[in-house]
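Novice: Sequence:
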Amino acid sequence: DVSPVVAAQQQQQQQQQQQQQQQQQQQEAAAAAAAAAAAAAAAAAVPRLRPPHDN
1 DVSPVVAAQQ QQQQQQQQQQ QQQQQQQEAA AAAAAAAAAA AAAAAVPRLR
51 PPHDN
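Residue numbers 1 to 55, in UniProt numbering, belong to the letters of the sequence shown in order.
It should be emphasised that the hints constitute simulated quantities derived from the structure, not laboratory data.
All of these numbers come straight from a predicted model, not from anything done at the bench.
C-beta: ideal position from N, C-alpha, C; glycine also.
Incorrect hints may have been included.
Estimated spans, in silico, between C-beta atoms of each pair [to be verified]:
1. A35 / Q12: 30 to 40 Å
2. Q20 / A43: 33 to 43 Å
3. V6 / A30: 29 to 39 Å
4. A45 / A8: 35 to 45 Å
5. A41 / P4: 28 to 38 Å
6. Q21 / A45: 35 to 45 Å
Take the sequences, apply the hints, and build the full model.
Specialist: Written out as structure tokens, the structure reads:
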């Protein structure tokens with residue numbers, strides 16, 4: 001049989017792994033959002049660089 005101490009340690013390890021996975025997902029989502037914001041800012045800046053009379 002599994003002792004209560006070992007069972008508690010296993011539960012703690014599982015919880016820690018789940019927390020780490022959630023943190024990684026949040027970081028990836030934040031990085032993707034930052035990249036999208038940077039791309040949108042770059043796209044918005046492009047028309048300003050062109051002189052209006054070139055159209």
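Novice: Give a verdict on every hint.
Specialist: For each hint, the structure was consulted:
no., hint, result
1, A35 / Q12: 30 to 40 Å, "35 Å, holds"
2, Q20 / A43: 33 to 43 Å, "35 Å, holds"
3, V6 / A30: 29 to 39 Å, "37 Å, holds"
4, A45 / A8: 35 to 45 Å, "55 Å, violated"
5, A41 / P4: 28 to 38 Å, "55 Å, violated"
6, Q21 / A45: 35 to 45 Å, "36 Å, holds"
Violated hints, in rising order: 4, 5; the structure is consistent with all others.
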